[in-house]
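J.: If you read the protein sequences in the order shown, they are chains C and Z.
Using our numbering, the first residue of the first sequence is number 1, and each one after it goes up by one.
Using our numbering, the first residue of the second sequence is number 201, and each one after it goes up by one.
Calculated from the structure, these hints are not laboratory results.
Hints are supplied without guarantee of correctness; some may be wrong.
[What the hints assert, rightly or not] To give a feel for the contact side, a few chain Z residues facing chain C, derived at Cβ under 8 Å:
id	residue
1	242
2	265
3	303
4	309
5	313
6	360
7	366
8	432
9	437
10	478
[Stated by the list, open to error] Pairwise CB distance ranges, derived in the manner of DEER restraints:
id	chain 1	residue 1	chain 2	residue 2	range
11	Z	453	C	28	58 to 66 Å
12	C	28	Z	413	51 to 59 Å
13	C	69	Z	290	19 to 27 Å
[As the list claims (entries may be wrong)] In the PhoX-like style, the derived pairs of lysine-lysine whose C-alpha atoms are separated by at most 20 Å in a straight line are:
id	chain 1	residue 1	chain 2	residue 2
14	Z	353	Z	282
15	Z	362	Z	282
16	C	193	C	182
17	Z	336	Z	422
18	Z	336	C	193
19	C	187	Z	366
20	Z	402	C	193
21	Z	353	Z	366
22	C	187	C	5
Given the structure is predicted, the values throughout are model-derived calculations rather than measurements.
Beta carbons are placed, not taken as given, at the ideal position from N, Cα and C, and that holds for glycine.
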Amino acid sequence: MAEPKRLTLPIDEAQARELRVGDILYLTGQIFTARDEAHLTMLEAKENGETLPFDPGAMALFHCGPVVRQAGDGWDVIAAGPTTSVRMEIFEDRFLEAFAPRIVIGKGGMGDRTQAGLEKTGSVYTHYTGGAGALAAKRIEKVETVYWLEKLGMPEAAWIFAVKDFGPLLVTMDSSGGNLYKELEPKIAENMKAIEARIG
Amino acid sequence: MSEQIKKTVVGALTLASTILPEDVVGALKAARERETSSLGAAQLDAILENVGIAREGSIPMCQDTGLQTFFVEAGVDSPFLKDVRDWLEEAVVQATADIPLRPNTVDPFTGANPGNNTGRFMPFINWDVVDGDQIKITVLPKGGGSENMSTVKMLPPGVGLKGIQKAVVEHIVSCQGKPCPPTVVGVGIGGGADISLKLGKKAILRPIGSAHPDPQVAAYEKELLELVNMSGVGPMGVGGETTCLAVHVEYAYRHPASLPLGILVQCWADRRASVIVKADGSTEVS
Chain C
1 MAEPKRLTLP
11 IDEAQARELR
21 VGDILYLTGQ
31 IFTARDEAHL
41 TMLEAKENGE
51 TLPFDPGAMA
61 LFHCGPVVRQ
71 AGDGWDVIAA
81 GPTTSVRMEI
91 FEDRFLEAFA
101 PRIVIGKGGM
111 GDRTQAGLEK
121 TGSVYTHYTG
131 GAGALAAKRI
141 EKVETVYWLE
151 KLGMPEAAWI
161 FAVKDFGPLL
171 VTMDSSGGNL
181 YKELEPKIAE
191 NMKAIEARIG
Chain Z
201 MSEQIKKTVV
211 GALTLASTIL
221 PEDVVGALKA
231 ARERETSSLG
241 AAQLDAILEN
251 VGIAREGSIP
261 MCQDTGLQTF
271 FVEAGVDSPF
281 LKDVRDWLEE
291 AVVQATADIP
301 LRPNTVDPFT
311 GANPGNNTGR
321 FMPFINWDVV
331 DGDQIKITVL
341 PKGGGSENMS
351 TVKMLPPGVG
361 LKGIQKAVVE
371 HIVSCQGKPC
381 PPTVVGVGIG
391 GGADISLKLG
401 KKAILRPIGS
411 AHPDPQVAAY
421 EKELLELVNM
431 SGVGPMGVGG
441 ETTCLAVHVE
451 YAYRHPASLP
461 LGILVQCWAD
471 RRASVIVKAD
481 GSTEVS
């Protein structure tokens, strides 16, 4: 395994385009959460010509619906692992084009439309260990703020987190067409032949 | 007394969401030792580190704290049968605030989220009436990512037991990393479409490492586990030796024209806990 890359956000397009499948990243800076509903809300705002209350291009996009608890005027993150990314496949290419977050964090990988979107904006999709919600929460230093909490509810709202050494994030889709899941396919297909032979 | 029992159920919900059962931790550690893929090993390391952080801090191990799903074995002679539903509903509300749990129940028509993990038919209670005067309550907090990968297939009976093996392996491979492997897979065979799924979900409750009491079924599930793990999908779908920690099979007799196959997928966070309520109101948590 390659030496992990420690990045401080924001990163620019040129830096993002250097990232490749197999890279392990640890991020420091700001990330925002967005699941289905926040994606739709942000895209709608863009289409209506509204200005967003934060700059998604300067942050990493995290597919996550966290558990948070109000603590005084602020919030504590209890658990915040990734959600299944492929649900966002239907609009992620438009989202990338609209906001150009250079790093997407999720789990399970995404499809061809997202891959094309990554190629356009020079972004990468990174895989964070599914279910590792307690580990993720430990690397979140602070909840900066939250948007659309009342409208969308806790899991779907856009939470802005300040993170330190957030990872390990494994790049599984990159901007030059690299795709770890696709690379695995021929090997799995070969294994399937052996499995079928054994079943008989 | 009901207050005390309710508190015990809240304790079981806390245990389930924060401490992974020993059999699952053991299976994850064994998988880590066996892992030859560096990417797969890194996923298992992160999972085990995460499990430790959750246990030490008494915080949920995953942000998807699931739908709180109950299995109740209700002894016909228990004096508390009429109280169980209230205990469970109130315990879920309390646990949601205390632990806390993510509010996960949503009205499919309006999108409204009551914020306390209850709602129409929620928490769902599966009832079994059994002999005796005890009530055993088992909670299975089931996450959405793995539940989305559960499926039922109505196979032509002619495909036989080999056809079932093939269908299970093909399905698990098609899921790739989505259900957060290494998974525990419950395979329900027979009954009917709904019954096969229910059998699969019940099969998940069995501890990892346990064998089905019928030696023929035990051999079948062992073979199925080996077959699935030959696929190379690996931890989180990044490639590796362990795609499933266990495959558990349960079956019912079937209609001659039907071969229902329910495939229930549970993520690595195979969370569960039980409370036994005795006739005198005393309780035991495991």
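J.: Taking the hints in turn, state whether each one holds.
T.: Comparing the hints with the structure gives:
Here the hint on residue 242/Z is kept, as its CB sits about 6 Å from the closest CB of chain C, short of 8 Å. At its closest, the beta carbon of residue 265/Z sits 7 Å from a beta carbon of chain C; the interface hint therefore holds under the 8 Å criterion. A hinted interface residue such as residue 303/Z counts as satisfied when its beta carbon comes closer than 8 Å to some beta carbon of chain C; here the least separation is about 6 Å, so the hint holds. For the restraint placing residue 309/Z at the interface with chain C, the shortest Cβ-Cβ distance is roughly 16 Å, beyond the 8 Å limit, so the hint is violated.
Because the smallest distance between the Cβ of residue 313/Z and any Cβ of chain C comes to about 5 Å, under 8 Å, the interface hint for this residue holds. The interface hint given for residue 360/Z is violated, since its Cβ lies 11 Å from the closest Cβ of chain C, which is over the 8 Å cut-off. Given the 8 Å rule on beta carbons, the hint for residue 366/Z holds: about 6 Å separates it from the nearest Cβ of chain C. At its closest, the beta carbon of residue 432/Z sits 5 Å from a beta carbon of chain C; the interface hint therefore holds under the 8 Å criterion.
Because the beta carbon of residue 437/Z sits about 7 Å from the nearest beta carbon in chain C, less than 8 Å, this interface hint is met. The interface hint given for residue 478/Z is broken, as the beta carbon of that residue sits about 34 Å from the closest beta carbon of chain C, more than 8 Å. Hint check: residue 453/Z to residue 28/C, Cβ distance near 59 Å, so the stated range 58 to 66 Å holds. Against the hinted window of 51 to 59 Å, the Cβ-Cβ separation of residue 28/C and residue 413/Z comes to about 53 Å, which satisfies the hint.
Between residue 69/C and residue 290/Z the CB atoms are about 21 Å apart, so this pair conforms to the stated range of 19 to 27 Å. Between residue 353/Z and residue 282/Z, the direct Cα distance comes to roughly 36 Å. Violation of the 20 Å bound is thereby established for this hinted pair. Taken as a hint, the residue 362/Z and residue 282/Z pair is broken in the structure, with Cα atoms around 45 Å apart against an allowance of 20 Å. At most 20 Å may separate the alpha-carbon atoms for a hinted pair to count; residue 193/C and residue 182/C meet this at roughly 18 Å.
A distance of roughly 28 Å separates the Cα atoms of residue 336/Z and residue 422/Z; the hinted pair therefore is violated under the 20 Å criterion. For a cut-off of 20 Å, the pair hint linking residue 336/Z to residue 193/C is broken: about 44 Å separates their Cα positions. As the CA atoms of residue 187/C and residue 366/Z are separated by approximately 18 Å, the hinted pair is consistent with the 20 Å bound. Under the criterion of a C-alpha separation no larger than 20 Å, the hint pairing residue 402/Z with residue 193/C is inconsistent with the structure, at around 31 Å.
The suggested pairing of residue 353/Z with residue 366/Z holds, with an alpha-carbon distance near 12 Å, which does not exceed 20 Å. For the proposed pair residue 187/C and residue 5/C, the alpha carbon gap of about 28 Å is over 20 Å, so the pair is violated.
Consistency note: the structure conflicts with the earlier hints numbered 4, 6, 10, 14, 15, 17, 18, 20, 22.
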